[in-house]
Amino acid sequence: MSKPKVGFYWCAACGGCEEAVVDLHEEILNVVAAVDILFWPVALDFKREDVEKLHERELAVSFINGAIRSSEQFEMVELLRKKSGLLIAFGSCSHLGGIPGLANLFNRESILANSYKEAFSVENPQGFYPQESIQVPEGKVTLPALWNTVKTLDQVIDVDYYLPGCPPPVELIKEALGAILAGKLPEKGAVLAPDKALCEVCPRKESKPEKPQLREFKRPHEIVIDTEKCLLAQGLLCLGSATRSGCGSACVNGNMPCTGCMGPTSRVLDYGAKALSAIASLVGSNDEKEIAAILSKIADPTGTFYRYSLPASLLHRAYKPEQGGK
Amino acid sequence: MKREILIDPITRLEGHGKIDIFLNENGDVDRAYLQIPELRGFEKFAEGRPAEDMPQITSRISGVCPTAHHMAATRALDDLYKVEPPDSAKKIRELIYSLFFVEDHALHFFFLGGPDFIVGPTAPKGERNILGVLGKVGMEIGKEVIGVRKELRELISLAGGKVIHPVFGLPGGVARPLKKEEQTKFIAGAEHAVKFAQFSLGIFNDVVLKNKQYVDWILSDTYTHKTYYMGLVDENNRVNFYDGKIRVVAPEGKEFLKFKPQEYLEHIAEHVEPWSYIKFCYLKDIGWKGFEEGADSGIYAVAPLARLNASDGMATPLAQEAYEQYFTTLGGKPVHHTLANHWARLIELLYAAERSLQLAKDPEIVNPNVRTIPTEIPTEGIGVVEAPRGTLFHHYQTDEKGIVKKANLIVATQNNAARMAMSVDKAAKGLIKEGQVDDGLLNMVEMGFRAYDPCHGCATHCLPGQTPLWVRLFDAEHRLIQEIKHNGGL
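Chains as they are written, first to last, in the working numbering: chain Y, 1 to 326; chain U, 1 to 490.
Simulated from the structure, these hints should not be mistaken for lab results.
Careful: at least some of the hints might be erroneous.
[What the hints assert, rightly or not] Below, a list of computed lysine-lysine pairs in the PhoX-like style, where the Cα atoms sit at most 20 Å apart:
1) U:LYS284 to U:LYS260
2) U:LYS136 to U:LYS210
3) U:LYS406 to Y:LYS117
4) U:LYS136 to U:LYS258
5) Y:LYS208 to Y:LYS229
6) Y:LYS174 to U:LYS150
7) U:LYS245 to U:LYS82
8) Y:LYS211 to Y:LYS184
9) U:LYS125 to Y:LYS53
10) U:LYS405 to Y:LYS297
11) U:LYS179 to U:LYS195
12) Y:LYS208 to Y:LYS218
13) U:LYS179 to Y:LYS229
14) Y:LYS184 to Y:LYS3
15) Y:LYS208 to Y:LYS196
16) U:LYS226 to U:LYS254
17) Y:LYS47 to U:LYS361
18) U:LYS226 to U:LYS429
19) U:LYS90 to U:LYS195
20) U:LYS245 to U:LYS210
21) U:LYS125 to Y:LYS5
22) Y:LYS53 to Y:LYS5
23) Y:LYS140 to U:LYS2
24) Y:LYS188 to Y:LYS82
25) Y:LYS82 to Y:LYS53
26) U:LYS185 to U:LYS195
27) Y:LYS140 to U:LYS429
28) Y:LYS174 to U:LYS143
29) Y:LYS320 to U:LYS405
30) U:LYS258 to U:LYS284
31) Y:LYS218 to Y:LYS297
32) Y:LYS297 to U:LYS401
33) Y:LYS117 to U:LYS284
34) Y:LYS229 to Y:LYS205
35) U:LYS361 to U:LYS90
36) U:LYS90 to U:LYS212
37) Y:LYS218 to U:LYS258
38) Y:LYS117 to U:LYS405
39) Y:LYS140 to Y:LYS196
Source: prediction; values computed, not measured.
Please model the complete structure; the sequences and the hints are all you need to start from.
Below is the structure:
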């Protein structure tokens, strides 16, 4: 029997998801023994035309990381959808929009102007931008069109499963590969990770406050962080109570708060709203003014609670007329 | 007949890119364009975020070198709050950073760039990769490579929370002290790293330097440009990745500039071209003169080849020996051969390994005091480190609460963008003649950029937008006869 064929591709991403696959280390040799990888630009020399030549659904599974924000990325994921039996959104950016999704707080023009006209170091006296199509002396060269709004993968094509995390934890990648190869996958649309909140499995959970008692929020640079005690109890905005587990409490083990990259559990529609309410419910006051004063210490609510999920949120993006929102 | 050849996507690098090659009537190359088709907008969406979140947000510029962005941002936060971390924290940072350099440079040599030599530049495309490398060097050596990377990456996770997108950096220190019982693991890992570095240089010596064809390619004009070179150096002008001044040497090898990170805007600027989303850095002191090499053009290079050229030596003994051998073999300083980057990278790998061993053994590394709490009101901070792929600049302006108002990032690969574009063009011109082209030759064109280990994920951290219009009309001799420009609002 021929081996199942597999593709990996990246869109608006950082390459961390590719590294996470390489972090399978010696086990990647087992993966390679079990499947044929037919597309993986970071590591293999197969080109777009090689993918175009494949039959429909010839790839048993494609793993796609990165958010979608350009015409080229859209074309590539449409192409891979056609060529793939299963398609997996791999990592926070394709799952929820990820950190590049914070660009949805602004519009394309303001970002463009920032980069090509206003940056401290740019010298562009005529103030022009890169072009989608340009006549050069030798012919015409083109660049992809960039969208005004960053999208999640399932906002542009049909997605079968999701591997959460920034990047997905190696253990979850291994389990997902095992389940795919064994044909033992859950219901379509599932997130391939434990469905418990991080706080429930956190090594510091014994010291988590049970009752609302937070009187002051601290920013991580303002205090010496205790290495044993619950971070929330120390006043830090740790989002473990709203966030799916499966990461091995990596950031907490690094003595820093959870920032929510694994996204919500299956019972939550909008991650940021859930995280905000989880934190607000721990504020130890019934006085409106006092509550407002305590919450005002949260320096950047949008960037904190929607750090990885703005495109997947109910609002998708900022809607200010001057920012070109619709 | 005129033809256009597209390499899409370019492969074995971090991030996106394509190469558009135009052939003239004779089938020779008129010009090859290395284009970067993607951008994301980090500088803009940094606005409004708390400065202390920058190390974790900007690490998402690149998941291959997250530690570099994390570190540059952390250094910028020290400067922003005018706070000096305790020695223990500085040492933990540099230890993590040195281990990162080892595993990252190893990734390039064995997974990304090295297959072109170990497997061969014109080997079938299905074999020019890590699997082909394992096939050539044997599974035992392959497992050694994989094993060392695993050990070092686990150590980075231990000290930094995560290896991909670490969380250790705070203004004035690191989040987590190292425990006494953890120190032995770091010493053991660093010892492995030193052996691994020597072993990798041995492979380079056997596979590349003993192969006359490869040496001829390295020395050939096709892969050579005489430009300025930049790198961070310590007080003795030795290579440093974490701290120091920025030194620039001229194409003939003399020191041209030496300046503090905070002075970068006096010396570095970015040029915009309509056919790529990347911005092209150049030395302001010389100016942008187009895609030209030589002392009259402001184009410069960064990363291993440039760092060795811009320094007077390495700060550790084994790396210093390797440094001397490198310049003796390649005919003295500076070395202008782009493919020599691969060798220079392994010499740096050895330095990083030796440095990590020094730091791991330092008794101060387990001092539990790893924080100086900032007390100053923040306004502006600049942090510069050497990323594996070159000099990396982070610059933030904030309000009095430390909320970012404006950010400027010049990432490693951008510094190399102009030279890299020239390298691809020159490689295409040198390799493709009379319309004869095949997969192997096109891969050798790609080797023109691959030697730099570019990170186009990094280089495209900012985001472009709608399509303004720029029409240039040329006559048959390629003379510009008319130019029409329009911006935005279309």
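We went through each hint and held it up to the structure:
Under the criterion of a C-alpha separation no larger than 20 Å, the hint pairing LYS284 (chain U) with LYS260 (chain U) is consistent with the structure, at around 15 Å. At most 20 Å may separate the alpha-carbon atoms for a hinted pair to count; LYS136 (chain U) and LYS210 (chain U) meet this at roughly 16 Å. Annotation: proposed proximity of LYS406 (chain U) to LYS117 (chain Y) holds, straight-line Cα distance about 13 Å (limit 20 Å). At roughly 44 Å between alpha-carbon atoms, LYS136 (chain U) and LYS258 (chain U) are farther apart than 20 Å, so this suggested pair is violated.
For the hint pairing LYS208 (chain Y) with LYS229 (chain Y), the CA-to-CA distance comes to about 8 Å; that is within 20 Å, so the pair holds. A threshold of 20 Å between alpha carbons decides the hint, and for LYS174 (chain Y) with LYS150 (chain U) the separation of about 16 Å falls inside it, so the pair holds. Pair hint LYS245 (chain U) plus LYS82 (chain U) holds up; C-alpha atoms about 18 Å apart against a cutoff of 20 Å. As the CA atoms of LYS211 (chain Y) and LYS184 (chain Y) are separated by approximately 41 Å, the hinted pair breaks the 20 Å bound.
A threshold of 20 Å between alpha carbons decides the hint, and for LYS125 (chain U) with LYS53 (chain Y) the separation of about 16 Å falls inside it, so the pair holds. About 18 Å separates the Cα atoms of LYS405 (chain U) and LYS297 (chain Y), which keeps this hinted pair within 20 Å; it holds. Between LYS179 (chain U) and LYS195 (chain U) the alpha-carbon distance is near 25 Å, which puts this suggested pair outside the 20 Å criterion. Simply put, LYS208 (chain Y) and LYS218 (chain Y) have alpha-carbon atoms about 16 Å apart, close enough for the 20 Å limit, and the pair holds.
A C-alpha spacing of about 17 Å is found between LYS179 (chain U) and LYS229 (chain Y), which places the hinted pair at or below 20 Å, so the restraint holds. The hinted pair formed by LYS184 (chain Y) and LYS3 (chain Y) meets the criterion: a straight-line CA distance of about 17 Å does not exceed 20 Å. Of the supplied pair hints, the one linking LYS208 (chain Y) and LYS196 (chain Y) holds, its CA atoms being roughly 16 Å apart against a limit of 20 Å. This hinted pair checks out: LYS226 (chain U) and LYS254 (chain U) have alpha carbons roughly 13 Å apart, not beyond 20 Å.
Between LYS47 (chain Y) and LYS361 (chain U) the CA atoms are separated by roughly 46 Å; this puts the pair beyond 20 Å, and the hint is violated. Distance hint between LYS226 (chain U) and LYS429 (chain U) is fulfilled; the C-alpha atoms sit about 17 Å from each other, no more than 20 Å. Restraint check for LYS90 (chain U) and LYS195 (chain U): the C-alpha separation of about 25 Å exceeds 20 Å, so the hint is violated. Distance restraint check for LYS245 (chain U) and LYS210 (chain U): the Cα-Cα separation of roughly 37 Å exceeds the 20 Å cut-off, and the hinted pair is therefore not satisfied.
In summary, the hint linking LYS125 (chain U) to LYS5 (chain Y) is supported, as the alpha carbons are separated by about 17 Å, within the 20 Å threshold. Straight-line distance between C-alpha atoms of LYS53 (chain Y) and LYS5 (chain Y) comes to about 14 Å, which keeps the hinted pair within the 20 Å bound. About 13 Å separates the Cα atoms of LYS140 (chain Y) and LYS2 (chain U), which keeps this hinted pair within 20 Å; it holds. Taking the CA atoms of LYS188 (chain Y) and LYS82 (chain Y), the gap is near 17 Å; set against the 20 Å cutoff, the hint holds.
Taking the CA atoms of LYS82 (chain Y) and LYS53 (chain Y), the gap is near 12 Å; set against the 20 Å cutoff, the hint holds. Proximity of LYS185 (chain U) to LYS195 (chain U) is assessed by CA-CA distance (about 16 Å); at most 20 Å being required, the pair is judged to hold. The hinted pair formed by LYS140 (chain Y) and LYS429 (chain U) meets the criterion: a straight-line CA distance of about 19 Å does not exceed 20 Å. Distance hint between LYS174 (chain Y) and LYS143 (chain U) is fulfilled; the C-alpha atoms sit about 19 Å from each other, no more than 20 Å.
For a cut-off of 20 Å, the pair hint linking LYS320 (chain Y) to LYS405 (chain U) stands: about 19 Å separates their Cα positions. Between the alpha carbons of LYS258 (chain U) and LYS284 (chain U) the distance comes to roughly 14 Å, so the proposed pair stays at or under 20 Å and holds. For the given pair, LYS218 (chain Y) sits about 7 Å from LYS297 (chain Y) by alpha-carbon distance, which is consistent with the 20 Å threshold. A hinted pair counts as satisfied when its Cα atoms are at most 20 Å apart, and LYS297 (chain Y) with LYS401 (chain U) qualifies at roughly 10 Å.
A hinted pair counts as satisfied when its Cα atoms are at most 20 Å apart, and LYS117 (chain Y) with LYS284 (chain U) qualifies at roughly 17 Å. As the CA atoms of LYS229 (chain Y) and LYS205 (chain Y) are separated by approximately 8 Å, the hinted pair is consistent with the 20 Å bound. Between LYS361 (chain U) and LYS90 (chain U), the direct Cα distance comes to roughly 14 Å. Compliance with the 20 Å bound is thereby established for this hinted pair. Taking the CA atoms of LYS90 (chain U) and LYS212 (chain U), the gap is near 44 Å; set against the 20 Å cutoff, the hint is violated.
At roughly 40 Å between alpha-carbon atoms, LYS218 (chain Y) and LYS258 (chain U) are farther apart than 20 Å, so this suggested pair is violated. This hinted pair checks out: LYS117 (chain Y) and LYS405 (chain U) have alpha carbons roughly 16 Å apart, not beyond 20 Å. A threshold of 20 Å between alpha carbons decides the hint, and for LYS140 (chain Y) with LYS196 (chain Y) the separation of about 53 Å lies outside it, so the pair is violated.
Violated hints, listed in ascending order, are 4, 8, 11, 17, 19, 20, 36, 37, 39; each of the other numbered hints is respected by the structure.
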